[in-house]
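Chains as they are written, first to last, in our numbering: chain A, 559 to 884; chain B, 153 to 415.
Take these hints with a grain of salt, some might be off.
[Unchecked claim] Using 25 Å as the maximum straight-line C-alpha spacing, the simulated PhoX-like pairs for lysine-lysine come out as follows:
| id | chain 1 | residue 1 | chain 2 | residue 2 |
| --- | --- | --- | --- | --- |
| 1 | B | K254 | B | K266 |
| 2 | B | K255 | B | K266 |
| 3 | B | K254 | A | K678 |
| 4 | B | K394 | A | K799 |
| 5 | A | K799 | B | K236 |
| 6 | A | K660 | A | K678 |
| 7 | A | K799 | B | K266 |
| 8 | B | K236 | B | K258 |
| 9 | B | K391 | A | K799 |
| 10 | A | K689 | A | K678 |
| 11 | B | K236 | B | K266 |
| 12 | A | K678 | A | K651 |
| 13 | B | K236 | B | K255 |
| 14 | A | K651 | A | K689 |
| 15 | B | K236 | B | K254 |
Don't read these hints as lab results, they were simulated from the structure.
Quantities reported herein were computed from a predicted structural model and do not represent experimental measurements.
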Amino acid sequence: MSTAPENRPAQADAPARNVHSRGRRLASWQEHHRWSAAASLRRLAARPLGSVLTIAVMGLALALPLAFYLLLGNVQRLGDALGQNQAISVFLKPDQGAQQAKLLASQLGERPELAAVTLKTPQQGMDELAKMQGFSGALQTLGDNPLPWVLQLQPRSGTGAAALEQLVGEVRAMRGVDLVQDSGQWRQRLEALLDVGNRVVLIVASLLALAALLVVGNTVRVDIASRSEEIGVLLLIGASKAFVRRPYLYAGIWYGLFSGILAAALAVAIELALAQPVAHLSEAYQGRLHVGGLPLWLLLAVPLAAALLGWLGARLVSAWQLRQAA
Amino acid sequence: MFARFLEMRPVRHRQPHLAAGFPYPCGRHDDIQARGHAVIQFDQVSKRYEGGHEALSQLSFEVPDGEMAFVTGHSGAGKSTLLKLLGLIERPSHGVISMDGKKLSKIRASGVPKWRRRIGMVFQDHRLLMDRSVFANVELPLVIGSIARAERSRRVRAALEKVGLLAYERQLPATLSAGEQQRVGIARAIVARPALLIADEPTGNLDPQLALEIMGLFDEFQQVGTTVLVASHDLPLIKRMKKRVIVLDHGRLVADLAAQEVL
């Protein structure tokens, strides 16, 4: 019953075994990846508690910078909203008349940093003073109106502190200007604080991303160490190192992806939790305040970035650890 | 004794065709037929381990394509080392090993996985993955070989059918007896239809009846064209099989008996 070598299906199989064809290689690559992705998901599901804890730790670590980012964005909006009341007052020299004042207002009105320029006559200034308690009697003693022409500059929303500072400097240097009173200096301080905050968020995000990377790396390290026997068997039956490593890389990707989704969900939850108190606050500011959410692109980018982070953590550890295990 | 063992486990359906030999009453003959050829040549092969111990010394022999041969000798004679050299688990210190004229020394580390996919290996301790089902264990070489899922499923079932364990495909190996676990190991070794099957003390942990049954499986694979090399020190079993026997002693070839010479 022995089969003669020449009758074996080796020759018949020859066309089918054209393993180097591009299509076959692609199909092989896809099959390996499909299998590895499914196998790594099954492994995660096989130990639900450990997987959930790892994902929770990573998710919280990634949610923190998102929460800070959300907070800073809203402080920025708050500053913008409050800043709408903060105009820059430009007092002209007493010898400047209506013509010069209107000319200056026209020039400043063309500046892109400004939303509006309002001209106040000396009489309007006097009327405002007269309305203030205690001034009406004193004003009657004055013979002439000593008040100058005043320009009220309203910065455009979103204009940075540096741009406003430059504007104030340029206005001060203008001919006929006596005094520039920037009542929005607090805005500059706020902007400076926000700059610091943004930097802190960046640093915290980097550190927490590193922590997430280490969490994935350590999880994969323990996983590989506990599966050294399996790895040995796989290598003995013809698995390449890339094949052995692939499920661990997918595990890193799954950890990252799921923790990124969790982080995005937590950020949205924080956003929703803030919505009602901010609505109350908004009423106090004539509806100018509203809670700003994280942009959709960021919410989508976080899981993808986290998956990349997970892959990187697994990649760094698995190469070294597999050498030890094998 | 084996019959009694079977009777003690009546809930499992056992495939009856194994003892019947060829033709298989179920399954397809070509599902386990070897692909390619395996003419093995050892030419003055020596293996010296670090520390100076010489496991093999100037070993020369040839195993023709499709032959089954036993490698025997006392403990430490070099049987396992010989098989390790074929599996590229170890490299020879001197000499040339070739299969179908291809020198194994030419195979670089990156080519070792591909080489191992051409051979099937059976181990004394089975080396099964205990957290995966019988089916998943047998499927592994086909996954590694990038066989499509439907084809994998068909071939795994055919291999399990050949070793009489199709009814156990969803079970974990730990729920099987030692003999059954060894059969799973054999199914895994032959599922990719290797041209060469090597087995290192495959019956070391089994009682004589189970051991004979396992050897019967190897005999059947030889009959479909697979070259089979079995390392064993079980002389009574080797005698019953009536196959070629290569005898080693302290790493040296001391006898090479043809099948008809084995009493």
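(request) Mind checking the alpha carbons of K236 of chain B and K254 of chain B for me, to see if they're no more than 25 Å apart? (result) holds (17 Å)
(message) With the threshold set at 25 Å, check whether the alpha-carbon distance from K236 of chain B to K255 of chain B stays at or below it.
(response) holds (15 Å)
(message) So if I understand the rule, the pair passes when the alpha-carbon distance is 25 Å or less; does K651 of chain A with K689 of chain A pass?
(response) holds (24 Å)
(request) Please work out if K254 of chain B and K266 of chain B have their alpha carbons no farther apart than 25 Å. (result) holds (14 Å)
(request) Take the C-alpha atoms of K678 of chain A and K651 of chain A, compute the straight-line distance between them, and say whether it is at most 25 Å. (result) Holds, at roughly 14 Å.
(message) Hint check: K391 of chain B vs K799 of chain A, CA-CA at most 25 Å. Holds or violated?
(response) violated (41 Å)
(request) For the pair supplied as a hint, K236 of chain B and K258 of chain B, confirm whether the alpha-carbon distance does not exceed 25 Å. (result) Judged against 25 Å, a Cα distance of about 16 Å means the pair holds.
(message) Hint check: K799 of chain A vs K266 of chain B, CA-CA at most 25 Å. Holds or violated?
(response) holds (12 Å)
(request) Take the C-alpha atoms of K255 of chain B and K266 of chain B, compute the straight-line distance between them, and say whether it is at most 25 Å. (result) holds (14 Å)
(request) Would you check the hint for K689 of chain A and K678 of chain A, treating anything up to 25 Å between C-alpha atoms as holding? (result) Within the cut-off at roughly 16 Å; holds.
(request) Would you mind confirming whether the straight-line C-alpha gap from K394 of chain B to K799 of chain A stays at or under 25 Å? (result) violated (40 Å)
(request) Given the hint that K254 of chain B pairs with K678 of chain A, test it: the Cα-Cα distance must not exceed 25 Å. (result) violated (99 Å)
The earlier numbered hints that this structure contradicts are 3, 4, 9.
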